[in-house]
Amino acid sequence: MKIIKVASVIDSTRIYEYVDDGSPKQGGVKDVYFSPDRKYVVAFFRSPLDFNQKDRIKRIVTLYLDNIKKGNAADYFLEDVFRWPYDAVEKEGKTGVIVPIYSSRFFFSKGYQNSDTIKGGEKVGKWFTAPSFRNNQYPLSLDRSELGDWLGYFQVAINICRGVKKMHQMGLAHSDLSYNNVLVDPVTKSANIIDLDGLVVPGLFPPEVIGTADFIAPEVLRTKHLNITDPNRILPNQKTDLHALAVLIYMYLLRRHPLRGGKIWDVDSEKDELLAMGEKALFVEHPMDITNRVKVDQLRKWDAFWGDTNKLPYTITGPYLSELFKHAFVDGLHDPIKRPIANQWETALLKTVDLIQPCTNPVCEEKWYVFDNTSKPQCPFCGTRYKGSLPVIDLYFKFKNDTWKSENHRLMVYHNQYLFKWHVSRKFIRNENISKEDKTPVGYFTFHKGKWVLVNTGLQGMRDLTNQKDVPTNSMIELSSGMKVRLSDEDGGRLLYVTIINQ
Amino acid sequence: MNRRLLAYFLLDTSGSMHGEPIEALNNGFNGLVNMLRMDPQAVDSLFLSVITFDKVVKNLVPLTDLVTFQPVEIRCPESGPTHTGEALEMLYTLVNRELIKGSSDRKGDWKPLLFVFTDGKPSDIGKYKEFVAKIKNIDFGIIVGCAAGPKAEVESLKMLTENVVRLDTTDANTLTSFFRWVSSSIELGSKSQGTGEIITLPPPPAELVIEG
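Sequence order for the protein chains is A and B.
Just so you know, we're using numbering that gives the first Met the number 0 here: the first sequence kicks off at 0 and counts up by one.
Just so you know, we're using numbering that gives the first Met the number 0 here: the second sequence kicks off at 0 and counts up by one.
In isolation and in its complexed conformation, chain A is listed as follows (with noise of 0.2 Å):
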């Protein structure tokens, strides 16, 4: 074991050092050194690089670094989401680049529930696709206590379309998204890009691979017989990030692929998954085509809970994501320019997080579950039906004098559900711009002796328009079906219209 030095290239006075013990963590190109304090990694291509791709690594760990930086919510991006190399080295003719070292969150913690195997292991996303290591009957399956519930993957998701929307706001393609390349922390609901030194400048550097099994957008595995001269070959770009983002989040949601069902296209193994993946891809769940409908009596018994498409349908995850997962999966998946960029991600999953209510089986593994707009809500993880009234909130906008119309925005209630300023005005807009201040609630829900009310903690301009009363802050009104509340006055304030189910 040596501890061995290198400079930058970027500015010699800069030394890293890294612990050779002479065998490194094996990535697909690259080997992985730690330093000695553990603080960063040193990560070798094992293949020298050319001019071009010692270009792309400058500009990766300086340009596009310096351009995050002096974006908005740059610590957000650089703490939470990305892990992006910030300087690179040469040894021995050997470009390394420097990453920063995953936060202990993305580490196992316990791993399996009965062995120590994996304590220690880092967190990537295939251990919580698969549902054979949520089952708790299969010998390998994961500790609770890693696993989180079903609203954590939401945040997840959130996180990772943040990441996407801003590598291609930069005019970047991370083109090798995959569940490998992402670390996932369910519990407290995080996730980190780790890998981003393939990324590819469209027009100006090409991509070195052309993704990862699972995560390969149909038109370049269609394509890849073709000679990368070639004009008609598809190598990866925003666009097949987006079919790989569609994946990740559906994997994430529902722990089963959406192009793997029953349908075979070829006998020979290796075809029929080209043909599957590529110019044969057909959604599992498409709403006319069956033709790869997933055969449940073929699922092993460890994956029939999530593989049942059935019992489980992507409907399940609410009418906003469930309208991109068709433009995703049905209308883009051979036509990429229809395929949804990350912001509608971002946005549908987060409207989506106002959908959700707290199953209440205490027991429930997944503990929260998605409206279904129905008036008998049941949670389609263990059953259990929704007992007692239940008030939905619909979210109304100004368009003239009198005139409200719908956001098409639906806000759950529940026991200590809150309200932000992101519902009460369009001024707002949730995403990670939004300062701590403006995270606080400004108002909340609850069950208060056998009635639903709300309670103004932070809102000017509170009106109950049913009934003609202001509701100033520190007051509550109680929730009456029909009931119309206007949350302010000012410019782009909204309004909010109750309905109570099952009363």
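If you're looking for bench data, these hints aren't it; they were derived computationally from the structure.
These figures come from a predicted structure and were not determined experimentally.
Heads up, none of these hints are tricks.
Straight-line Cα separation of at most 20 Å, SDA-like style, residue types lysine to any residue; simulated pairs:
1. A/K24 / B/S183
2. A/K24 / B/G30
3. A/K483 / A/F446
4. A/K4 / A/E91
5. A/K24 / B/T173
6. A/K450 / A/Q502
7. A/K1 / B/N172
8. A/K279 / B/S102
9. A/K350 / A/S424
10. A/K118 / B/G30
11. B/K100 / A/D271
12. A/K279 / B/D104
13. A/K24 / A/P35
14. A/K24 / B/M37
15. A/K279 / B/R2
16. A/K57 / A/K90
17. A/K270 / B/G101
18. A/K270 / B/I141
19. A/K223 / B/Q192
20. A/K294 / B/N1
21. A/K270 / B/Q192
22. A/K164 / A/I428
23. A/K399 / A/D488
24. B/K110 / A/T211
25. A/K270 / B/W109
26. A/K270 / B/S102
27. A/K188 / A/L150
28. A/K109 / B/M37
29. A/K483 / A/T498
30. B/K120 / B/I21
31. A/K24 / B/M34
32. A/K24 / B/S184
33. A/K270 / B/R2
34. A/K279 / B/G101
35. A/K93 / A/S22
36. B/K128 / B/V55
37. A/K24 / B/S182
38. A/K375 / A/T498
39. A/K386 / A/Q416
40. B/K110 / A/E269
Assemble chain B onto chain A, guided by the hints.
Relative to the frame of chain A, chain B by itself:
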């Protein structure tokens, strides 16, 4: 809907393995199983089968998924011949029986993997040659031959595959790094794919010698 990935291990347990080499093989192989259990992709799809060969050829561990695989003790006699050919014969029978081929209504297995470890040379060279030809028809995804120790013969393994790794010694360190390398070749399928289309093995650790 998952496909299985079957990996067959042919391990030399002839007399010359007696002593430290067999200990090292046990450590290396059981270490491999442990390493694979840290990879979610492998846990989700991998099945292992172990065939040992000396004078007697045994399917020491019949095809088992990685999840339920139990550690085994690989033993060897104090002396005796190396029936590599007979081992290939057994392998041929097993693969033909166990590999699920794709059909019009069921997904087939991935192309199977084969690892052959030997510290000598086939004592039954006639049978060996006969079954090399048959094994080559099976269409394995990867075949890796490992010639370990000073007496191991590379040429006979080269008949079977171009991927032959030569280990100078059969001590614990060397075998551990060999099996670590095996582990990363099994995990290849889940890694990023290059824009070129050739399936390449990961580079071996420094102390290994790749032939060819």
